[in-house]
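Number of protein chains: 4
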Amino acid sequence: MIHHFTPTHYHTAIGPYAPVLTVDDGDTITTTTVDARGFDHRREQITPRGNPQTGPFFVRGAEPGDTLVVQLDDIRPNRTYGWSGSSVAPNVVDPGYVKELPEAPLTEWYVDVDARTAQIVAPASKLGELTIPIEPMLGCFGVAPPRKQAISTATSGEYGGNMDYRGFVSGTTVYFPVFEPGALLFVGDGHAAQGCGEIVGTGIEISMDVTVTVRVLKGKTIGWPRGENKDCIFTVGCARPLDQCVQHATTEMLKWLQTDYGLDALGASMLLGQCVRYDLGNIFDPAFAMVCRLEKKVMGGRG
Amino acid sequence: MIHHFTPTHYHTAIGPYAPVLTVDDGDTITTTTVDARGFDHRREQITPRGNPQTGPFFVRGAEPGDTLVVQLDDIRPNRTYGWSGSSVAPNVVDPGYVKELPEAPLTEWYVDVDARTAQIVAPASKLGELTIPIEPMLGCFGVAPPRKQAISTATSGEYGGNMDYRGFVSGTTVYFPVFEPGALLFVGDGHAAQGCGEIVGTGIEISMDVTVTVRVLKGKTIGWPRGENKDCIFTVGCARPLDQCVQHATTEMLKWLQTDYGLDALGASMLLGQCVRYDLGNIFDPAFAMVCRLEKKVMGGRG
Amino acid sequence: MIHHFTPTHYHTAIGPYAPVLTVDDGDTITTTTVDARGFDHRREQITPRGNPQTGPFFVRGAEPGDTLVVQLDDIRPNRTYGWSGSSVAPNVVDPGYVKELPEAPLTEWYVDVDARTAQIVAPASKLGELTIPIEPMLGCFGVAPPRKQAISTATSGEYGGNMDYRGFVSGTTVYFPVFEPGALLFVGDGHAAQGCGEIVGTGIEISMDVTVTVRVLKGKTIGWPRGENKDCIFTVGCARPLDQCVQHATTEMLKWLQTDYGLDALGASMLLGQCVRYDLGNIFDPAFAMVCRLEKKVMGGRG
Amino acid sequence: MIHHFTPTHYHTAIGPYAPVLTVDDGDTITTTTVDARGFDHRREQITPRGNPQTGPFFVRGAEPGDTLVVQLDDIRPNRTYGWSGSSVAPNVVDPGYVKELPEAPLTEWYVDVDARTAQIVAPASKLGELTIPIEPMLGCFGVAPPRKQAISTATSGEYGGNMDYRGFVSGTTVYFPVFEPGALLFVGDGHAAQGCGEIVGTGIEISMDVTVTVRVLKGKTIGWPRGENKDCIFTVGCARPLDQCVQHATTEMLKWLQTDYGLDALGASMLLGQCVRYDLGNIFDPAFAMVCRLEKKVMGGRG
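The listed protein sequences derive, respectively, from chains A, B, C and D. Counting in the numbering used here, the first sequence runs from 1 upward without gaps. Counting in the numbering used here, the second sequence runs from 1001 upward without gaps. Counting in the numbering used here, the third sequence runs from 2001 upward without gaps. Counting in the numbering used here, the fourth sequence runs from 3001 upward without gaps.
Take the hints with a grain of salt, since some may be wrong.
[To be verified] No farther apart than 20 Å at their CA atoms in a straight line, the calculated lysine to aspartate or glutamate pairs in the DMTMM-like style are these:
no.: 1; chain 1: D; residue 1: LYS3099; chain 2: A; residue 2: ASP264
no.: 2; chain 1: D; residue 1: LYS3255; chain 2: C; residue 2: GLU2103
no.: 3; chain 1: A; residue 1: LYS255; chain 2: B; residue 2: ASP1073
no.: 4; chain 1: A; residue 1: LYS296; chain 2: B; residue 2: ASP1264
no.: 5; chain 1: D; residue 1: LYS3126; chain 2: C; residue 2: GLU2063
no.: 6; chain 1: A; residue 1: LYS255; chain 2: B; residue 2: GLU1063
no.: 7; chain 1: B; residue 1: LYS1255; chain 2: A; residue 2: GLU103
no.: 8; chain 1: A; residue 1: LYS126; chain 2: B; residue 2: GLU1135
no.: 9; chain 1: D; residue 1: LYS3296; chain 2: C; residue 2: GLU2100
no.: 10; chain 1: B; residue 1: LYS1126; chain 2: A; residue 2: GLU103
no.: 11; chain 1: C; residue 1: LYS2218; chain 2: C; residue 2: ASP2094
no.: 12; chain 1: D; residue 1: LYS3297; chain 2: C; residue 2: GLU2135
no.: 13; chain 1: A; residue 1: LYS99; chain 2: D; residue 2: ASP3260
no.: 14; chain 1: D; residue 1: LYS3099; chain 2: A; residue 2: ASP94
no.: 15; chain 1: C; residue 1: LYS2126; chain 2: D; residue 2: GLU3103
no.: 16; chain 1: D; residue 1: LYS3099; chain 2: A; residue 2: GLU129
no.: 17; chain 1: B; residue 1: LYS1296; chain 2: A; residue 2: ASP94
no.: 18; chain 1: B; residue 1: LYS1099; chain 2: A; residue 2: GLU103
no.: 19; chain 1: D; residue 1: LYS3126; chain 2: C; residue 2: ASP2260
no.: 20; chain 1: A; residue 1: LYS297; chain 2: B; residue 2: GLU1129
no.: 21; chain 1: C; residue 1: LYS2255; chain 2: D; residue 2: ASP3260
no.: 22; chain 1: A; residue 1: LYS99; chain 2: D; residue 2: ASP3094
no.: 23; chain 1: C; residue 1: LYS2126; chain 2: D; residue 2: ASP3264
no.: 24; chain 1: B; residue 1: LYS1230; chain 2: B; residue 2: GLU1100
no.: 25; chain 1: C; residue 1: LYS2296; chain 2: C; residue 2: ASP2209
no.: 26; chain 1: C; residue 1: LYS2099; chain 2: B; residue 2: GLU1063
no.: 27; chain 1: D; residue 1: LYS3296; chain 2: C; residue 2: GLU2103
no.: 28; chain 1: B; residue 1: LYS1220; chain 2: B; residue 2: GLU1103
no.: 29; chain 1: D; residue 1: LYS3099; chain 2: C; residue 2: GLU2063
no.: 30; chain 1: C; residue 1: LYS2255; chain 2: D; residue 2: GLU3100
no.: 31; chain 1: D; residue 1: LYS3255; chain 2: C; residue 2: GLU2295
no.: 32; chain 1: A; residue 1: LYS126; chain 2: A; residue 2: GLU103
no.: 33; chain 1: C; residue 1: LYS2297; chain 2: D; residue 2: ASP3074
no.: 34; chain 1: A; residue 1: LYS126; chain 2: B; residue 2: GLU1100
no.: 35; chain 1: A; residue 1: LYS296; chain 2: B; residue 2: GLU1135
Simulated from the structure, these hints should not be mistaken for lab results.
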């Protein structure tokens, strides 16, 4: 079944809030998200800033200990106006170089969804004109965290949240551990494009039309968000410093390869050892994110 | 001029040692390297283990404050026997998962240079047969460090060293800051292939035939190793934790874009913000390595 | 006014929950806390484990942007049974040493409040008998966090929480930033004693009789918990890695010295430079804690 | 035997250099050190800056695998002029606060050795007059590192070096692992006083009269510097981030308690768990330092 849902309010924390819609295992939800400052498709601010989330959606049958599958069917900007930070964040450069960073207002972008490009509006630096390809993604989405917590959409954890990973594009399937009955899915914080690390503190922030299909894996328990696209499988670790993100994501991948791909600890180690890839999600938010990724073509048809 | 150099001894530290050969700006050197344990193309141990280095090569005209350009013309395994670690290193997984890591002997690989593949010999895990493409690279190479230091080939720094980045393949050009007269170039620690992060502590370790061409950029001063291939430019930051690697590499890239690509601080920030990529060199050695990378196609013909 | 409050339920997250008692600026609250596993003074489990908190207490007049002063009048164990972890946590030793750590059940302690000692019950290691002085403290306490968050009592932040700092003993005054009307004070997780860093994951965990006096500093805004005793002033930074804790705590101290002690940035730097002390709160919880401390005797009567 | 040694040259790296003096097990050496910028007791610069070291001293009988004992008999400033950095270092504050740090020249101090005080000369901030007690210490000292390395006196490692720990005062005994025949002891970088962390990048830098007595523990192998004074034993871990310093120092202490104090792994864990203290050596140098410390009074006469 396909649900068309129009949000009337938003959350800037991810927690055990009252569901806005209840759906069944296998259903599809088509909805919209505002941008990180609460502006909608008409470029009007309709809710306070801070990665406002649409949802939560209650998925029937999802219970703590299960896994929620979220298929990102379509993530599509629904306006042409995008904006981004302009200066690299102080924590991303050498401490002694911070005083050299520019002070600058936000950058405005013109996003052409059909052409799949974004272009700087009114260039004000020596960079001048810049047009780049877009790869629309969700920066912040996930499920209610464990222990009845309600956690700011500025950060992330085992439940997802503000992972700011540029791989969360249309066509990707994401797996979340379920901590609350119904899982309670939130979606928001769309980026038309984003560099690795989100080093200026934002992607090209934009409101979105979002379509996702949800499924429940009963009795399947995972530790961290996982993902899959046609080429790769991946795991996401959120923490500080980046080293700990790598630890979380690698541990989760080692477990996944053993439970679902027929490997033992030694085989999983050997495969990752020479074939693993890591992506930097973000190095800006309170929790950073690193992704441990494996190309399906090295997996010899396993799984 | 092309020099064919056959090493007679090796170094397990990178320092201001007596040059084994003096070459001119623009010369090419063809030589060999042993593997990380000191085994040569006949699979005989001819020097103690520890990433033994061939060199140093004295480049006429290189003085402190200059930049040494090292073009990796050809990095080619000169035997079929490769070996690798088998278990993910304890520092790469959650501390609480360390006790689950397998204890296992080294893995042996059959490397077919013509087919460009490596295959596990005598598979002993549930992984079974595994054949992967090779991308021969140098794990450890660089120039004499500042301040007359002699630093173990286990680690890395502004002078290069054991960066263990899988991007150092044939066709890549590398730039090092010069700290000693003649720069004193060392090369060694070849890997037929390596996963991101070198998380089992090794790539597929192998002896190599190495051909490099060196040039000197007089009066050009850089802070960290830089590199370039047909698609990208990149900078390398070496430190712990990974966050600090990102700081070093990003700061170096911001400087490079301003001095050589006609950008101001703001333009460099805006370009990196939405377009930067990061690669994880290694998360195993005493100093980790992260690479800040930018595709040339987004640079609009600058530089 | 003195309030005697007997808790009937507990919280394992710190958030904007319904107050259990409303008090005035200047009032004193005498209450009890259960231990980290929910056991009370009779050694009976009355609530689920996880640093259960007594409260929250609503302090009239406290508004976002104010500071809540919490004077720890008396923190006193109300039973003789204490328990602790027995093995150093895996993240506190070298990753390669984790496999050497002992697996062991909890250690039981006999706590003699009058003698101010704790003694291991039924010693089972070569350590044999051990009696140590107690310094009863609160491991986890604080106020409702910003942005309507409800955050697990396993971790800590600007609002306090599970800081696990051995300096929070009777006679210490603590300052918290206020984020919710009434501040919403929580107290719990008593330790009869604790080593620096809480490296076995616990102190000597015990239920407590707790007496605190609260005051409101109207219009006084601070960034992180601060504290004071007869000898020192201190600030607390909570994060990972420890480096970032030091950054938070030092920044907060620099600000404090400038706003309240008549120093400029240069004077504050010079004073801290040669006189500052740092204490390790904990290196075990999701957020670690470091304390930046300055002895009053070097402050020459300022403030 | 007592050797009176007057240095004629200095080293700014610690490595396998030619010894300046050979001494026997049990001998005492009285010598002098210049300050971090190479200025001597007359306040004349006699060697380039960079923590110049006096030595190395060859200790007969010391072989790799042994331990060198260095008793700090007397560390005494030999002039009245001291200097220090004035601003907290950028890496010690929040990245977003770096732009608030003052730019300031070095601070000059008048050091009165008899009164055991240091006083700011010509106060130029709102701090005004400041007189603090001195605790003269060595910032940088150690033995030749492993693998024939020569490592800058800016940093530190298993061999000691620039640990910048304020506990290295007269009356302390220090233990170093021996990596080279004769151990090759270096001493330098005296501080009249220093705050924890060396957060302005220096202590009160000064030239010193230094007297040490050396002994060799044959066949005793240790992993990191250890120390002892009348009240405590301690271990030093050098690395980044601070978390890794804690790992090194705690692992070394767990080993020490088991080999020399009759404890098993469980007993050592339990003792440290409730009794350990940590000191922050430095959070400024390329390698930070943390100290794991245990008071002798909790050790019940063991060892």
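Here is how each hint holds up against the structure:
{"no.": "1", "hint": "D:LYS3099 to A:ASP264", "in the structure": "violated, 51 Å"}
{"no.": "2", "hint": "D:LYS3255 to C:GLU2103", "in the structure": "holds, 17 Å"}
{"no.": "3", "hint": "A:LYS255 to B:ASP1073", "in the structure": "violated, 40 Å"}
{"no.": "4", "hint": "A:LYS296 to B:ASP1264", "in the structure": "violated, 41 Å"}
{"no.": "5", "hint": "D:LYS3126 to C:GLU2063", "in the structure": "violated, 33 Å"}
{"no.": "6", "hint": "A:LYS255 to B:GLU1063", "in the structure": "violated, 51 Å"}
{"no.": "7", "hint": "B:LYS1255 to A:GLU103", "in the structure": "holds, 17 Å"}
{"no.": "8", "hint": "A:LYS126 to B:GLU1135", "in the structure": "violated, 38 Å"}
{"no.": "9", "hint": "D:LYS3296 to C:GLU2100", "in the structure": "violated, 25 Å"}
{"no.": "10", "hint": "B:LYS1126 to A:GLU103", "in the structure": "violated, 55 Å"}
{"no.": "11", "hint": "C:LYS2218 to C:ASP2094", "in the structure": "violated, 47 Å"}
{"no.": "12", "hint": "D:LYS3297 to C:GLU2135", "in the structure": "holds, 16 Å"}
{"no.": "13", "hint": "A:LYS99 to D:ASP3260", "in the structure": "violated, 50 Å"}
{"no.": "14", "hint": "D:LYS3099 to A:ASP94", "in the structure": "holds, 13 Å"}
{"no.": "15", "hint": "C:LYS2126 to D:GLU3103", "in the structure": "violated, 55 Å"}
{"no.": "16", "hint": "D:LYS3099 to A:GLU129", "in the structure": "violated, 30 Å"}
{"no.": "17", "hint": "B:LYS1296 to A:ASP94", "in the structure": "violated, 24 Å"}
{"no.": "18", "hint": "B:LYS1099 to A:GLU103", "in the structure": "violated, 48 Å"}
{"no.": "19", "hint": "D:LYS3126 to C:ASP2260", "in the structure": "holds, 13 Å"}
{"no.": "20", "hint": "A:LYS297 to B:GLU1129", "in the structure": "holds, 14 Å"}
{"no.": "21", "hint": "C:LYS2255 to D:ASP3260", "in the structure": "violated, 46 Å"}
{"no.": "22", "hint": "A:LYS99 to D:ASP3094", "in the structure": "holds, 13 Å"}
{"no.": "23", "hint": "C:LYS2126 to D:ASP3264", "in the structure": "holds, 6 Å"}
{"no.": "24", "hint": "B:LYS1230 to B:GLU1100", "in the structure": "violated, 42 Å"}
{"no.": "25", "hint": "C:LYS2296 to C:ASP2209", "in the structure": "violated, 30 Å"}
{"no.": "26", "hint": "C:LYS2099 to B:GLU1063", "in the structure": "violated, 49 Å"}
{"no.": "27", "hint": "D:LYS3296 to C:GLU2103", "in the structure": "violated, 26 Å"}
{"no.": "28", "hint": "B:LYS1220 to B:GLU1103", "in the structure": "violated, 48 Å"}
{"no.": "29", "hint": "D:LYS3099 to C:GLU2063", "in the structure": "violated, 30 Å"}
{"no.": "30", "hint": "C:LYS2255 to D:GLU3100", "in the structure": "holds, 10 Å"}
{"no.": "31", "hint": "D:LYS3255 to C:GLU2295", "in the structure": "violated, 34 Å"}
{"no.": "32", "hint": "A:LYS126 to A:GLU103", "in the structure": "holds, 15 Å"}
{"no.": "33", "hint": "C:LYS2297 to D:ASP3074", "in the structure": "violated, 27 Å"}
{"no.": "34", "hint": "A:LYS126 to B:GLU1100", "in the structure": "violated, 53 Å"}
{"no.": "35", "hint": "A:LYS296 to B:GLU1135", "in the structure": "holds, 18 Å"}
The earlier numbered hints that this structure contradicts are 1, 3, 4, 5, 6, 8, 9, 10, 11, 13, 15, 16, 17, 18, 21, 24, 25, 26, 27, 28, 29, 31, 33 and 34.
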